[in-house]
Amino acid sequence: MLEITNLSKTFNPGTINEKVALSNVNLTLQDGDFVTVIGGNGAGKSTLLNMISGVYSADSGSIVVDGINVTNKPEHKRAKYFGRVFQDPMTGTAANMEIAENLALAARRGKRRTLRMGVTSKEKAHYKELLKTLGLGLEDRLTSKVGLLSGGQRQALTLLMATLQKPKLLLLDEHTAALDPKTSAKVLALSDKIIKDEHLTAMMVTHNMNDAINYGNRLIMMHEGRIILDISGEEKKKLTVEALLHKFEEISGSEFANDRALLS
Amino acid sequence: MVLEFLQSLPSPIAQGMIWGIMAIGVFITFRVLDLADLTVDGSIATGGAVLVVLTTSGWNIWLALFVAFLAGCAAGLVTGVLHTAFGIPAILAGILTQLSLYSINLRIMGGRANTPISHRKYDLIVSSNENLLPQTILTAAIFIVVIIAILYWFFGTEMGHSIRATGANEAMARANGINTSSRKIFGLVLSNGIVAVSGGLLAQFSANADINMGRGAIVIGLAAVIIGEVIFGKIFKNFALKLFACVIGGVIYYIVIAIVLKIGLNTNDLKLFSALVVAVFLGVPYWKNQLSGKRSSKKDKQPKEGKADA
Numbered sequence: 000m001l002e003i004t005n006l007s008k009t010f011n012p013g014t015i016n017e018k019v020a021l022s023n024v025n026l027t028l029q030d031g032d033f034v035t036v037i038g039g040n041g042a043g044k045s046t047l048l049n050m051i052s053g054v055y056s057a058d059s060g061s062i063v064v065d066g067i068n069v070t071n072k073p074e075h076k077r078a079k080y081f082g083r084v085f086q087d088p089m090t091g092t093a094a095n096m097e098i099a100e101n102l103a104l105a106a107r108r109g110k111r112r113t114l115r116m117g118v119t120s121k122e123k124a125h126y127k128e129l130l131k132t133l134g135l136g137l138e139d140r141l142t143s144k145v146g147l148l149s150g151g152q153r154q155a156l157t158l159l160m161a162t163l164q165k166p167k168l169l170l171l172d173e174h175t176a177a178l179d180p181k182t183s184a185k186v187l188a189l190s191d192k193i194i195k196d197e198h199l200t201a202m203m204v205t206h207n208m209n210d211a212i213n214y215g216n217r218l219i220m221m222h223e224g225r226i227i228l229d230i231s232g233e234e235k236k237k238l239t240v241e242a243l244l245h246k247f248e249e250i251s252g253s254e255f256a257n258d259r260a261l262l263s
Numbered sequence: 000m001v002l003e004f005l006q007s008l009p010s011p012i013a014q015g016m017i018w019g020i021m022a023i024g025v026f027i028t029f030r031v032l033d034l035a036d037l038t039v040d041g042s043i044a045t046g047g048a049v050l051v052v053l054t055t056s057g058w059n060i061w062l063a064l065f066v067a068f069l070a071g072c073a074a075g076l077v078t079g080v081l082h083t084a085f086g087i088p089a090i091l092a093g094i095l096t097q098l099s100l101y102s103i104n105l106r107i108m109g110g111r112a113n114t115p116i117s118h119r120k121y122d123l124i125v126s127s128n129e130n131l132l133p134q135t136i137l138t139a140a141i142f143i144v145v146i147i148a149i150l151y152w153f154f155g156t157e158m159g160h161s162i163r164a165t166g167a168n169e170a171m172a173r174a175n176g177i178n179t180s181s182r183k184i185f186g187l188v189l190s191n192g193i194v195a196v197s198g199g200l201l202a203q204f205s206a207n208a209d210i211n212m213g214r215g216a217i218v219i220g221l222a223a224v225i226i227g228e229v230i231f232g233k234i235f236k237n238f239a240l241k242l243f244a245c246v247i248g249g250v251i252y253y254i255v256i257a258i259v260l261k262i263g264l265n266t267n268d269l270k271l272f273s274a275l276v277v278a279v280f281l282g283v284p285y286w287k288n289q290l291s292g293k294r295s296s297k298k299d300k301q302p303k304e305g306k307a308d309a
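These protein sequence lines are chains S and B, in that order. According to numbering that gives the first Met the number 0, numbering within the first sequence proceeds without interruption in unit steps and concludes at 263. According to numbering that gives the first Met the number 0, numbering within the second sequence proceeds without interruption in unit steps and concludes at 309.
If we strip away everything but chain B, and leave its shape as in the complex, we get (with noise of 0.2 Å):
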C-alpha cells in the first residue's frame, strides 16, 4: 500500500507546484501588500476559462496562456480601483470582482458551467495524463524558476521597492512621494495575472475549465504560503527563497491531501479540511507569539540594567 502511495505521488506533486504558483500570486497581496484579496477565486477560474476557450478554438496554447494572464491582470485591476478610487475595503472589493467574475466567466465558457479540453486532441503544456506527469513536473517546474526570477528581479528595482514600501509602512510611502494607490493597483495587477496564468495551467491538468474551480481558491493559496512560511521561515531569508517556500507549502498541501484522501476522508469534506488548516497553521503562530509574549514580560519583571539605545 505504500509502494502503491508513493508511486501516485506525481499527481499530487504536479498538482502542488500548480497551486504553488496560484500561491506565489497570494504571497504577493497577501505579504508583499499586506491586502488580503479574494479576487483569486474567481480569476483562477477565468484564468482557466481563458484558456481553453481559446484553445479550443484554435489558438495556440502559449498565447492563449499569454492572454489568460492578461485577463487575470484585468481582475487585478477592478479589484484595485474599487479598493483605491471607491476607498471600498480590499477584502470587499476582491468579493465584488470575484461575485462578477462569475457571471464573466460563464459568459467566456458560452454559457457552459464546464468546458473539456483533451491532452488527445490538443498539445497542452501540462497534463494529468499518467505517461505526461514527468514532463508536466519539469514544465511547472520550469514556469516556476522563471517567475520566481522575474519576481525576484522585479521586487530589487526601484519600482519593486515602492510596492515594497507601500504594503510595509504607507505613511512612510507617501512622505516618501510613493503613489500607494497605483502601487496598490500595480500589486493586484500583477498578483491576479499569475493566478491566471495558474488557472490556465490548472484547467489543462484537470482536462477542463470549471465555473467552480476557483471556489475557496484563496484558502488553498495561502495555506500554501503558511505552511511555507511555517516550515521555512526561520531558513528562507531571501526573497526568492520566500517564494519558493510558497511553491513547496502548495506540494506539500496537495501531498496532505492525497493522504488523507487514501486514509478515507470523504472528498466532500475535503473544504472543510482545508478551511481547518489554514485556521491552524494561522493560529500556531499567532499563539507562540502570544506564549512568548508572556513569558518575555514575565523576564521584564526582573530588574534589569537599562541598557541605553541609540
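With the rest of the complex left out, here is chain S (with noise of 0.2 Å):
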C-alpha cells in the first residue's frame, strides 16, 4: 500500500540552523493498517506525513503509493491519494467559505474543476445525511460560514471531508492536540469509528502514549528522525505506557522528551 524506502530530509543544510529531520527511513504499510506514530519533540513524525503528502520534497529515497511513485510529484497532485487532517483546527477547511461548499472542494480532491456548479442541491442533500452521522447539528447549518464552528467542529468537518472521497491512506496529524480533552475524545472515537467504517489504510501521529497504544493494529516510535520502534499484532495490544517508556530508554539511550506525552 504504501512503500518508503531510505527517506532522508536535511532543513536548512549547511546552516547553523541546519537539522536532520529524517534519516534513512524505511516503513511498508500493508491494506488496512492503522499506525499510530509517537515520538518526542523534533523526532520527525510530522515531518514524515508532510513529506508523504508533498508539503516538503525529499532529499533522497522514495515513497510509492500503491504502486505509483509519488515522490517528485507536488503535493496537490498527490493530493487525491490521501486524506488529511491537521493539528491546526483552522489549517483543514477555509473559513470564510460554507460548511457546503468545504464539503463540495473536498470532494472534488484530485478531479478537474470545472465550470460546473461548485455544489449541486443533490449534493447538498448528500451532504446534510452525512453530517447527521457526526451528531454535531451541523446538518442544520450547511451555508454558515466554517468559521463560525468551534475547534472541535471544524475538526470533525475536516475528518468528513478527508474521507469524502476514500483516501488511500489517512494522514491525522496530532489532529486532537489543540482540543480541549472531552472534544479531544470525541474526534479521536469518530476517526477510529470512519477507519474501520470505510476500511482505510491511516496514519495517526499523536502525542498521547495511552491513545497510540489503545488505537490503531501498529505502533511505530520515531526518534531523531529514525524509526525506532515498530510494534503491531498482539504485541502492541498488550503493550502499556510504561513498557513503552522503558523500551524507548533502552534503545535510544535517553529519556523521553515530551512533556505533553507524559502528563497525558
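Warning: the hint list may mix true and false statements.
Keeping only pairs whose Cα atoms sit at most 25 Å apart, straight-line, the calculated DSS-like set for lysine-lysine is [claimed, not checked]:
| id | chain 1 | residue 1 | chain 2 | residue 2 |
| --- | --- | --- | --- | --- |
| 1 | S | Lys235 | S | Lys195 |
| 2 | B | Lys236 | S | Lys127 |
| 3 | B | Lys233 | S | Lys144 |
| 4 | S | Lys72 | S | Lys131 |
| 5 | S | Lys110 | S | Lys127 |
| 6 | B | Lys236 | S | Lys123 |
| 7 | S | Lys121 | S | Lys144 |
| 8 | S | Lys144 | B | Lys287 |
| 9 | B | Lys287 | B | Lys233 |
| 10 | S | Lys144 | B | Lys236 |
| 11 | S | Lys127 | S | Lys79 |
| 12 | B | Lys236 | S | Lys121 |
| 13 | S | Lys110 | S | Lys165 |
| 14 | S | Lys72 | S | Lys123 |
| 15 | S | Lys76 | S | Lys167 |
| 16 | S | Lys246 | S | Lys235 |
| 17 | S | Lys167 | S | Lys79 |
| 18 | S | Lys192 | S | Lys235 |
Which stretches of chain S does chain B cover? Using the computed rule of at least three CB atoms under 8 Å from a CB of chain B, they are [as the list claims (entries may be wrong)]:
| id | segment |
| --- | --- |
| 19 | 90–101 |
| 20 | 105–118 |
Derived by calculation from the structure, the hints in this document are not laboratory data. These numbers were taken from a predicted model, which means no experiment stands behind them. All C-beta atoms, glycine included, are put in the ideal place defined by N, C-alpha and C.
Take the two lone chains, each set in its own frame, and fit them into one complex as the hints suggest.
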C-alpha cells in the first residue's frame, strides 16, 4: 500500500540551523493498517507525514503509494491519494466559505475542476445526511461559514472532508492536540469509527501514549528522524505506557523528551 | 448653491460607476485572493491606451474594448507568473509589472503621453459630455450588472470555488488537490482584465488616454472596496451584493471628492486626500476590532461555565 524507502530530509542544510528531520526512514504499510506514530519533540513524526503528502520534497529516497511513485509529484497532484487532518483546526477548512462549499471542495479532490456548479443541490442533500452522522447539529447549518464553528466541529468536518472521497491513506497529524480533553476524545472516537467503517489505511501522529496504544493495529516510535520501534498485532495489544517508555530509554539511550506525552 | 451641486452630481456618479468596475477587479485580488495587486495602476492605463489607439485608427469601439480587456489580462498574467514561478512577493511583482507598463503604454500610444478621443468624432460608449451623461450612466449600469452576474456565476462554479479556497486557505486548497499557483495567476488575469475594461471606459469618459491616468488607481479602487464594506458589510452577505457594494463605494467616493472640491480643496491635494481616506477606512475596522477584543477579554476574566464544544 505505502512503501517508503530510505527517505531522508535535512532542513536548512549548510547553515547553523541545519536540522536532520528524517534519516533513512523505511516503512511499509499494508492495506487496512492503522498505524499510530509517537515520539518526542522534533523526532520527525510530522515531517514524515508532510513528506508523504508532499509539503516538503525529499532529499533522497522514495515514496510509493499503491505502486505509484509520488516522490517527485507536487503536493496538489498527490492530494488525490491522501486525506489529511491537521493539528491546527484552522488549517483543514476554509473559514470564510460555507460548510457545504468546504465539503464540495473536498469531494473534488484529485478531479478536474470545471465550470459546473461548485455545489449541486443533490450534493447538499447528501452532505446533510453525512453531517447528521457526526451528531453535532451541523446538518442544519450547511450554509454557515466554517469560521463560525468551534475547533472540535472544524476537526470533525475536516475528518469528514478527508474521507469524503475514500483516500488511499488517511494522514492524521496530531489532529486532536489543540482540542480540550472531552472534545479530543470525541474526535478520536469518530476518527476510529470512520477508519473502521470505511476500511481505511491510516497513520495517526499523536503525543498521547495511551491513545497510541489504544488505537490502531500498529505503533511506530520515532527518535531523531528514525523509526526506532515498530510494534504490531498481539504484541501491541499488550503494550503499556510504562513498557513503552522503558523500551524508548533502552533503544535511544535517553529519556523521553515530551512532557505532553507523559502528563496525558 | 446646493441646487447647482445637485445638478452637477450625474458626472461624479458616472465616474464613480466606471471606477466601481475597476473596484470589482480590485475586490477579486484584495478580498477573494487576499493579494494586494499594484499591477492595476498600469493595467488601467493600458486599457485606456489600447482602446483609444485602436478606436482612433478605425476599429470598432466594442472590439477595441475587448482587446483592451485582453491586454489587461496579459498584464495580470505577467504579475501572476512573476509571483508564482519567480517567487516574487505579490506586491513587488505588481510594482514590477506596473513600472514596465509605463514604457509599454507609451509605446502603445506611439510615444505620446496623452492621446485624445472625442465624442464628436467617434461613437463612444460613455462620455462626460453633459448631453450624453444619462446614456453614460445607463451604459455603465449595464456593464456593472453584466460583470457582476458573470462573476457571481463564475465564483459559484467548481473553478471559482477553487480560487476562493486558494485565497481563504492555501494549505487547505493544496491538501484538496488545488493548484494554488495557477489559481492565483487566473485571479490576477481576471482582475486586471476587468480593470483594463474600466480603463477603456474611463479614457472615453475623460476624452483621452493619459500615461498618468492610473497613478494611484489602486488607492481609489481600495477606497471604493473599503467604503462599500464599511457601509454595507453588515447587510450585504451575498457575493453579488458584495461586488455591488464596491460600485456604490466608488460612487460615494467620487461624490465626496466633488463635495470637497466644491468646498475649495486644491485639485493638487486630491491624491493626499485619497490616501488619507483609505488609511482611515482601513484603520477604523482595525481599531474597532482592537477595542472589542479588549472588551471581550475583560469579559473572559469573569468565571464562565465552560461550554463544551463539538
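Verification of the hints:
no.	hint	in the structure
1	Lys235(S) / Lys195(S)	holds, 18 Å
2	Lys236(B) / Lys127(S)	holds, 23 Å
3	Lys233(B) / Lys144(S)	holds, 15 Å
4	Lys72(S) / Lys131(S)	violated, 36 Å
5	Lys110(S) / Lys127(S)	holds, 22 Å
6	Lys236(B) / Lys123(S)	holds, 20 Å
7	Lys121(S) / Lys144(S)	holds, 20 Å
8	Lys144(S) / Lys287(B)	holds, 22 Å
9	Lys287(B) / Lys233(B)	holds, 14 Å
10	Lys144(S) / Lys236(B)	holds, 11 Å
11	Lys127(S) / Lys79(S)	holds, 23 Å
12	Lys236(B) / Lys121(S)	holds, 24 Å
13	Lys110(S) / Lys165(S)	holds, 13 Å
14	Lys72(S) / Lys123(S)	violated, 32 Å
15	Lys76(S) / Lys167(S)	holds, 14 Å
16	Lys246(S) / Lys235(S)	holds, 13 Å
17	Lys167(S) / Lys79(S)	holds, 8 Å
18	Lys192(S) / Lys235(S)	holds, 19 Å
19	90–101	holds (count 8)
20	105–118	holds (count 12)
When each numbered hint is compared with the structure, violations occur for hints 4, 14.
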